[in-house]
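Below, each chain spelled out in residue letters.
2 protein chains.
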Amino acid sequence: MAEEPTKTKTLQPVIILSQPQMGENIGATARVMRNFGLLELRIISPRDGWPNAKSTAMAAGAFNLMKPVRVFEDTATAIADLQQVFAVTARLRDMEKPVLSPDTAMEKIHAASNFGARSGLLFGPEASGLSNAEVTACDGILTYPVASDFASLNLAQAVGVAAFAWRNSTDIPGLYVDQNRAADNPLATKQELAAMLEHLEEELLQAKFFHPPEKALVMMQNLQNLFARAEPTAQEIRTLRGVIKALSHGRGKNK
Amino acid sequence: MAEEPTKTKTLQPVIILSQPQMGENIGATARVMRNFGLLELRIISPRDGWPNAKSTAMAAGAFNLMKPVRVFEDTATAIADLQQVFAVTARLRDMEKPVLSPDTAMEKIHAASNFGARSGLLFGPEASGLSNAEVTACDGILTYPVASDFASLNLAQAVGVAAFAWRNSTDIPGLYVDQNRAADNPLATKQELAAMLEHLEEELLQAKFFHPPEKALVMMQNLQNLFARAEPTAQEIRTLRGVIKALSHGRGKNK
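If you're matching them up, the sequences are chains W and C in order.
So in numbering that gives the first Met the number 0, spot 123 of the first sequence is number 122, and the numbers just go up one at a time.
So in numbering that gives the first Met the number 0, spot 114 of the second sequence is number 113, and the numbers just go up one at a time.
No lab work stands behind these hints: they were computed from the structure.
Computed from a predicted structure; not experimentally measured.
Hints may be right or wrong, so weigh each one.
Any copy, or any two copies together, can satisfy a pair, since identical chains are not distinguished.
To be verified - Straight-line alpha carbon distances no greater than 27 angstroms define the calculated DSSO-like cross-link-like pairs of lysine-lysine that follow:
(1) K96 to K244
(2) K96 to K189
(3) K53 to K66
(4) K214 to K189
With the sequences and hints as input, model every part of the structure.
Below, the structure is given as structure tokens:
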């Protein structure tokens, strides 16, 4: 049998901002990139120069936890070393260029990465967006499923969606495996659940809760379904038994 | 045969901001909600009052294209009419509460909507996040695959990710069906592609491009693969034939 190929470490996409205007947006971009684990930001001719105090304030410390930002004079130089670049834009050009969803774009970035190729995502300036020449230099248009009558995202929001889509497309083992269910607080066994339900049924019988009595079976099934759905822990079952005991304690005496 | 059940119109999740501090974030929230087609925003006790000029400035007109924002005094009132609410937070509490990915949360919102139930997504204040009491009042925790060492998103970015995940989970017919390939600019037929390749091969033969001549077959296969991969339109094929003609025109004469 052939050996499994070694899984190459996935290469992140580089985020490239073409001629960003507001320093705040560059800082907010860095923050959300770092939130989703992206480390490499490039800037082409930022309007207000670089570094930028407003950018630093909005980044909430992200720049210190990323690769140093690189500033370029033009788009060609900024993307020169990359093998695959997608233009992120809501404005679909009259251009023969594939239009990709975030999911598809991320698949293509992973696929390229498997062959050691690096990808970039190119975002245009706030007011005007990417030029047609910049879009032409890219391999495809990445567009989001925006409302057609209100399609223009804030620049950092646009980067945020891409950064999320990237991270969401990578395997992060165990993230959603109910971390809150710690090993020291295990789910109840079926026996513990059944014993609690027996206890409950016994007290309900004594309280003459079931009338007519033949309703008991269906009623207890309903209660069992309810409690099973809650997926209780062993500790919660103990709490419920305490509740049943407390509620029924001394009940007969006041009659 | 039973009739297909009528597909209920999908009910959008309501976005609920608990005690937001900065008006800018409320405005940026509205903008990105509207970008992804979400129309209902509720605010619980905004710190700087409501309405708020900074909020309006950041919204880029979104408020005019949404339902009127409703302001509530407390969380219980703000979520009272909803059947399913998820707390959006990066801070996983020591609490028996399911932890959901964006994809799973959106599935649950669609599933509830199929039975006419409305859902909400609850976001906490910028500095402190949701209280444990607020998380407890929810049906689950929605968390994003953030970097564990830099997990705190800007509030409007957090809403933006949810709004994108929502829109991305709904069917938007034809969005990624290569809109740029308009009906008046159809893909080339296989015959047009083949004729162009024959034209090219003929000119290359005359130019003695293939040596040794037995390489012609493989070389032409490679060129066919290259041009097929480009998925050319009929117009592009005409352009290519013009290019071949122009390049080969008069070639022999200068020899």
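The hints, checked one at a time:
1. Taking the closest pair of Cα atoms, K96 and K244 come within 27 angstroms of each other only across two copies (25 angstroms); inside a single copy the shortest separation is 70 angstroms, beyond that limit.
2. Taking the shortest alpha-carbon separations for K96 and K189, only the inter-copy value of 20 angstroms comes in at or below 27 angstroms, while the best intra-copy value is 57 angstroms.
3. Within a single copy, K53 and K66 get their C-alpha atoms as close as 19 angstroms, which meets the 27 angstroms cut-off; across copies the closest is 33 angstroms, which misses it.
4. Taking identical chains as interchangeable, the C-alpha atoms of K214 and K189 lie at most 27 angstroms apart only when both belong to the same chain, with a minimum of 24 angstroms there against 72 angstroms between chains.
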